[in-house]
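K.L.:
Two independent chains are provided; combine them into the complex using the hints.
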Amino acid sequence: MTKGLFRRRNAVSLQPTRSMTTIAYGILLIGVLISLTPFFYILSTSLKETRSLFSYPPEWIPSTLFWGNYAKLLQETEFVRWTFNTLFVGVVVTALKLVLDAMAAYALAKLDFFGKRAMTGTLLLAVAVPVAALIIPLFFIVRSMGLINTWWALILPALANPLGIFMLRSFIVSLPDDLGHSARLDGASEWRVFTQIILPLIKPGLVVHAIYTFMLQYTSFLWPLVAIQTESRQVLTVGISGLKANFVVDWGLISAASLLATIPITLLFIFLQRFFLAQNLSGALKG
Amino acid sequence: MAGSAIEFRSVKKSYGTHDVVRTLDLSVTPGEFLVLLGPSGCGKSTILKMLAGIEEPSSGEIYVDGQLVNYALPRDRNVAMVFQNYALYPHMTVAENIAYPLKASGRRLSPGESRTKVEEAAELVRISDQLPKHPDALSGGQRQRVALARALVREPAVFLMDEPLSNLDAQLRDAMRHQLIELHRRIGKATIYVTHDQLEAMTMADRIIVLNQGIIQQIGSPRDIYHSPANLFVAEFIGHPKMKFVPGVSLGGNKVRIGSVVLTATSPTGAEGQALTVGLRPSDLRIEGSGENLIAGRVVSSEFTGADTYLTLASDAGEAELCVRSANANPPEPGAALSVSVAPQDVHIFDADGRRM
Numbered sequence: 001m002t003k004g005l006f007r008r009r010n011a012v013s014l015q016p017t018r019s020m021t022t023i024a025y026g027i028l029l030i031g032v033l034i035s036l037t038p039f040f041y042i043l044s045t046s047l048k049e050t051r052s053l054f055s056y057p058p059e060w061i062p063s064t065l066f067w068g069n070y071a072k073l074l075q076e077t078e079f080v081r082w083t084f085n086t087l088f089v090g091v092v093v094t095a096l097k098l099v100l101d102a103m104a105a106y107a108l109a110k111l112d113f114f115g116k117r118a119m120t121g122t123l124l125l126a127v128a129v130p131v132a133a134l135i136i137p138l139f140f141i142v143r144s145m146g147l148i149n150t151w152w153a154l155i156l157p158a159l160a161n162p163l164g165i166f167m168l169r170s171f172i173v174s175l176p177d178d179l180g181h182s183a184r185l186d187g188a189s190e191w192r193v194f195t196q197i198i199l200p201l202i203k204p205g206l207v208v209h210a211i212y213t214f215m216l217q218y219t220s221f222l223w224p225l226v227a228i229q230t231e232s233r234q235v236l237t238v239g240i241s242g243l244k245a246n247f248v249v250d251w252g253l254i255s256a257a258s259l260l261a262t263i264p265i266t267l268l269f270i271f272l273q274r275f276f277l278a279q280n281l282s283g284a285l286k287g
Numbered sequence: 288m289a290g291s292a293i294e295f296r297s298v299k300k301s302y303g304t305h306d307v308v309r310t311l312d313l314s315v316t317p318g319e320f321l322v323l324l325g326p327s328g329c330g331k332s333t334i335l336k337m338l339a340g341i342e343e344p345s346s347g348e349i350y351v352d353g354q355l356v357n358y359a360l361p362r363d364r365n366v367a368m369v370f371q372n373y374a375l376y377p378h379m380t381v382a383e384n385i386a387y388p389l390k391a392s393g394r395r396l397s398p399g400e401s402r403t404k405v406e407e408a409a410e411l412v413r414i415s416d417q418l419p420k421h422p423d424a425l426s427g428g429q430r431q432r433v434a435l436a437r438a439l440v441r442e443p444a445v446f447l448m449d450e451p452l453s454n455l456d457a458q459l460r461d462a463m464r465h466q467l468i469e470l471h472r473r474i475g476k477a478t479i480y481v482t483h484d485q486l487e488a489m490t491m492a493d494r495i496i497v498l499n500q501g502i503i504q505q506i507g508s509p510r511d512i513y514h515s516p517a518n519l520f521v522a523e524f525i526g527h528p529k530m531k532f533v534p535g536v537s538l539g540g541n542k543v544r545i546g547s548v549v550l551t552a553t554s555p556t557g558a559e560g561q562a563l564t565v566g567l568r569p570s571d572l573r574i575e576g577s578g579e580n581l582i583a584g585r586v587v588s589s590e591f592t593g594a595d596t597y598l599t600l601a602s603d604a605g606e607a608e609l610c611v612r613s614a615n616a617n618p619p620e621p622g623a624a625l626s627v628s629v630a631p632q633d634v635h636i637f638d639a640d641g642r643r644m
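Chains as they are written, first to last, in the working numbering: chain Z, 1 to 287; chain W, 288 to 644.
Isolated chain W, as found in the complex (with noise of 0.2 Å):
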């Protein structure tokens, strides 16, 4: 594609005769925050060392800037990786970390340039304070800004990120989440950012990739991944808890019974009856509702969070049990009779295969 940052033309990467990555068919516009997400193990960290050089891919071909770097060196493919365990040469002073990229690649730059350009990337990442101490005197939080700022300091043309928070205690990854967030924003560089973790894609990325198993199972906006996943195994991996799952079965047009309720939906529900998945979401259930889509049911057990409370239903909607978000002070205890109700617009409909409906 004419204009693209990165581009991957039927991938595949296989170590003997397990294929981590199989057929990987991508293109990311300059200054996209790009997030691939999955479970450990389903090729993501494959998909970005192959484009940083570290991996060769099996087949396929990749494109930086235009420029095909199937066989280029990864210092020639103008791309910096900030990796999951930060990777900092421990010999080295904060400001040597980042100046090597400077020293390594032999751009000829006087001292003078050199040393203006460890300190503003250092600025940029907030640790200028920090330039004179060894890796070993820094915080978790610290070595990830150094790792940081040794890739800003290359001014390249894709940034690679391969889990850079994963390390970080949860306050510190919200604040550098954030962090992140803002500085993908002024440098505005193409980015590949590799997560496990939902929220971080959630919140951070421009477009989404969920793989399972080194094959792309969903390309959307958070918004359509989160209202529109693809298959089950999209359903099932966003959202938090977890979309509860229900068999059904159609009734024809938009309508499907699950249990002795029936169910509206916005999709066609395929032929009538056809075994169905359905899908209900804890936070699109409605406590209380009424009217259409009502399901009658009583509470199980509750489980405060704080600020939610989520309580797990066994309803007249079959033997599976769902759960409903509550966000009422007072919500109800285990044991009392509970109805909820869903708009047609949340029943997620899935075939036998798994595909959304």
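If we strip away everything but chain Z, and leave its shape as in the complex, we get (with noise of 0.2 Å):
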């Protein structure tokens, strides 16, 4: 009987099958592939003299490699810097959204104060309207403030962008409003209640931030290409798509540029993935 009952629960096990486990793994090495093989692509196009690029049949994995493409970004274009224009703007926007979206963010998920729910339908609104129909507007904006061709051009529109705020305001509210009551209780003022008990407990919330707030701005090119002209502040896009010449474009520069360009990012990625690990919140309450 005992045993019976036991073969009929392997029966409706959850355990997945060796088939289904093979046809799991067979869709993700198709994901996978179809992700790798632009970068693949682009690799071997780095990798290539402009002139073989277009050879038949096409040679995928190149018989020798040419490194003369890295050779002429580095030394004949502004590669280096629009790289370190780039970091510069998301490293600076990046540390300034994250202190100000999360005092923002605890403001409206556990502050009570006039006007809150006005002010958060209004930062509601705000996220709804896209980048490209408030570029002229605040083109306008910025260049009677006297900023285009500044780094201020590139940071402060930035900030102005609150989608960062209600993902920060989403963790904020998840946790038990009697953490705050009872840190003050304790003595702490609202701003030790904001810096050492919030903030800690939405580290994984503020690295998605981060990392979010940084890829948004390092792959920005619309409002820089509008906002700069100067090559002393260009970025790392715009600045890549100007090595398309009228006539010619050399593809084996372009796709150097633009493995160069993915290395910052990916590095900032696998850095910040381990922060991901949702925080354990078990033991703040009742068990």
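Treat the hints with care, as some may be off.
[Claimed, not checked] One side of the interface only, derived from the structure: several residues of chain W facing chain Z at Cβ under 10 Å:
1. Gly340
2. Tyr358
3. His378
4. Gly393
5. Leu396
[Unchecked claim] Cross-link-like lysine-lysine pairs, in silico, DSSO-like; alpha carbons within 30 Å at most:
6. Z:Lys110 to W:Lys299
7. W:Lys336 to W:Lys404
8. Z:Lys110 to W:Lys336
9. W:Lys390 to W:Lys476
10. Z:Lys203 to W:Lys390
If you are wondering where the hints come from, they were derived from the structure by calculation, not from laboratory data. We put the CB at the ideal spot given by N, CA and C, even for glycine.
P.N.:
Here is the structure:
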């Protein structure tokens, strides 16, 4: 009787069978191939001379590695400066947004103040407006402030994006109110509650926000194209796009630039991904 | 009142048109253990939160150690609170949790002094061996002790406890209850303890305040409240199993008729013919009694609870069934005839408005 019961239990087990596992891995493999193919194609192109790019049959793996594209990129273009500009703007925007958005999110999530609902609604509306629709008015505002071609032209508009506030707010809302109450009774000021209790508990949210903001800034093209005309402030996306001459496109050079441009963002992601592990909140509340 | 540790003067709390606490006047003496007892939503936690500074009263004044605290920040009220859900900081160790009030309040203590205070508080609640751990590695009872130690380390004038034992299992709750009583005896600070558990209230309190719908129903010692409930709500809420209520009619003097039975009470029953409600506790009915206040009946069902058996009785005291406690190892079976008697002081008489007479 007992044996039969166990056998039947095994029959409805949720453990995947071998064939299910194989199919799952097959699907994942296809996904990986689809994701990696463009990357591999760019890598391959960046290591070929321009004249061999269009050879037939196409040469997926170059017979000889050509490093000339990388040498030309680093010696004859402003690639290093573009990279520095992009990283500088990305880091500054990310740092400022983390501070501002976390404070705004805390206020919206846990504090009571006059006009809170109206403010939340207005910010939510601002999220709904597409960036492209804002470019022209934004240009006039920034120009009237005399900020065109300055770092501030790249930094200030990015800070006004309220999406991060809502992302962090959802993390903070999920924290029990009693944690804050308890800290206040323990003697903490509102600033201490925010920095010593709330911020450490939303670390995963802050990491997601940081990566999202940095990537958005790193890949931003339209606004830097409009706001920056001088070479010294140019960012990677606009710089690489400018490598296309009027009639000749050096795909090897562009591929090398694109490939090198992915390195910082990849490193950032690898470095921060360990923080994605969900924060263990158990123990804060009843057991 | 001079010398009060805590005082509420005409304190009200409303959310929109909904009154949560209606005109609270209350004074707690230093060292007193006061229990706020009532069903969910009766306003007892709101009273605690107003005292702690988490909620603002809609009107009225609150004093701690003679100081008006209505406009004081929570940290300036000299109160410590233990929350129902413990509210431990999960990213800190037990030692850091306990030390947090010392750090956050900006008291200038050397690391050695701070460590000593933390160790003393941990020792008091017997969690010294848990100091390096994080809260998620602790059991419910241990977490509760950490929350207590964190409150103790501040050395406040007043302790507030919001159903601190409600998340523990029955066995642990009993043990913690005794330890809390012992701890209060040693600390000697005024404590307000919120619970909906009458056993906790009866065993721990110097005084109990029974609340319902934001209104104080009765203030008194556990014995007063049990033996002389001020109204039907208190009579029904206190005591397990609950007091049984039977409609009756006053016969004048101290006599009341329920069904075909005439009972004598110690209190006057009002004008002859007045409709009343008579309350009888299962523990006050004596089996095989004789003489005065005798009620004859028949056992309908029995409920064995271990030490006692509770018998439901259909009686000549009207249609409402009575409940009687039997400590006999062989209580009467259902269907058996049974007479019970009740002492006059245990006959609780309530008028038509539910007030004790």
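K.L.:
Are the hints correct? Go through all of them and say.
P.N.:
Each hint, compared with the structure:
1. The criterion of a C-beta within 10 Å of any C-beta in chain Z is met by glycine 340 of chain W, whose closest approach is roughly 7 Å, and the hint holds.
2. Nearest Cβ of chain Z to the Cβ of tyrosine 358 of chain W: about 15 Å, over the 10 Å cut. The hint is violated.
3. For histidine 378 of chain W, the interface hint holds, since its Cβ comes within 10 Å of a Cβ in chain Z; the closest pair sits about 5 Å apart.
4. Of the supplied interface hints, the one on glycine 393 of chain W holds, with its beta-carbon coming within about 7 Å of a beta-carbon of chain Z, less than 10 Å.
5. Taking 10 Å as the C-beta contact cut-off toward chain Z, the hint placing leucine 396 of chain W at the interface is violated, the least distance being around 12 Å.
6. With a CA separation close to 24 Å, the supplied pair lysine 110 of chain Z and lysine 299 of chain W stays within the 30 Å bound.
7. Pair hint lysine 336 of chain W plus lysine 404 of chain W holds up; C-alpha atoms about 27 Å apart against a cutoff of 30 Å.
8. Note on lysine 110 of chain Z and lysine 336 of chain W: the hinted pairing holds, with a Cα-Cα distance of about 16 Å set against a maximum of 30 Å.
9. The suggested pairing of lysine 390 of chain W with lysine 476 of chain W holds, with an alpha-carbon distance near 23 Å, which does not exceed 30 Å.
10. Between the alpha carbons of lysine 203 of chain Z and lysine 390 of chain W the distance comes to roughly 22 Å, so the proposed pair stays at or under 30 Å and holds.
Hints 2, 5 from the earlier list are contradicted by this structure; the remaining hints agree with it.
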